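Based on the provided sequences and hints, a complete structural model is requested.
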Amino acid sequence: MNEDQKSHFRDLLWAWKRELMEEVDRTVHHMQDEAANFPDPNDRATQESEFSLELRTRDRERKLIKKIDEALDKLDHDEYGYCESCGIEIGIRRLEARPTATLCIDCKTLDEIREKHMGK
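Residue 1 is where the sequence shown starts when you use UniProt numbering, and the numbers rise one by one after that.
The hints are simulated quantities; they were obtained by calculation from the structure and are not laboratory data.
Among the hints, erroneous ones may be present.
Each pair of labels, with its calculated beta carbon distance range [said to hold, decoys possible]:
| hint | residue 1 | residue 2 | range |
| --- | --- | --- | --- |
| 1 | K6 | R114 | 42 to 50 Å |
| 2 | E96 | M31 | 29 to 37 Å |
| 3 | E70 | R114 | 19 to 27 Å |
Here are the simulated lysine-lysine pairs, DSS-like style, with alpha carbons at most 25 Å apart [unchecked claim]:
| hint | residue 1 | residue 2 |
| --- | --- | --- |
| 4 | K6 | K66 |
| 5 | K17 | K116 |
| 6 | K63 | K108 |
| 7 | K17 | K6 |
| 8 | K74 | K63 |
| 9 | K67 | K17 |
Here the structure is a predicted model, which means the values were calculated and not measured.
All C-beta atoms, glycine included, are put in the ideal place defined by N, C-alpha and C.
Written as structure tokens, this is what we have:
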């Protein structure tokens, strides 16, 4: 991977991380602003359900931020873009689609087949 490509992916990852962090801030403010003690149990249950869904979404995003940080660390150590399983370069198109990818398409496909087989 050349320096322009590394710079491109670094910018892409940082932008994605900033966007996710802004969502976290919005969620905190939204939950603080919208939190109300509704006298109607149905309204209260609806609000709690919405908050629960929002928190699950933020938890998934928190895990994604961790993967982004790991990808940025790999970029800093010239380890980004290599499959963790077989060691070959992950294709640029795959990294464009999923910048946090750690497996090449072949290893990921095998991993998904194993996962599907074990799940049944």
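Here's how the hints hold up against the structure:
| no. | hint | result |
| --- | --- | --- |
| 1 | K6 / R114: 42 to 50 Å | violated, 31 Å |
| 2 | E96 / M31: 29 to 37 Å | holds, 34 Å |
| 3 | E70 / R114: 19 to 27 Å | holds, 22 Å |
| 4 | K6 / K66 | holds, 19 Å |
| 5 | K17 / K116 | violated, 30 Å |
| 6 | K63 / K108 | holds, 19 Å |
| 7 | K17 / K6 | holds, 16 Å |
| 8 | K74 / K63 | holds, 17 Å |
| 9 | K67 / K17 | holds, 10 Å |
Checked against the numbered hints listed earlier, the structure breaks hints 1, 5; every other hint is satisfied.
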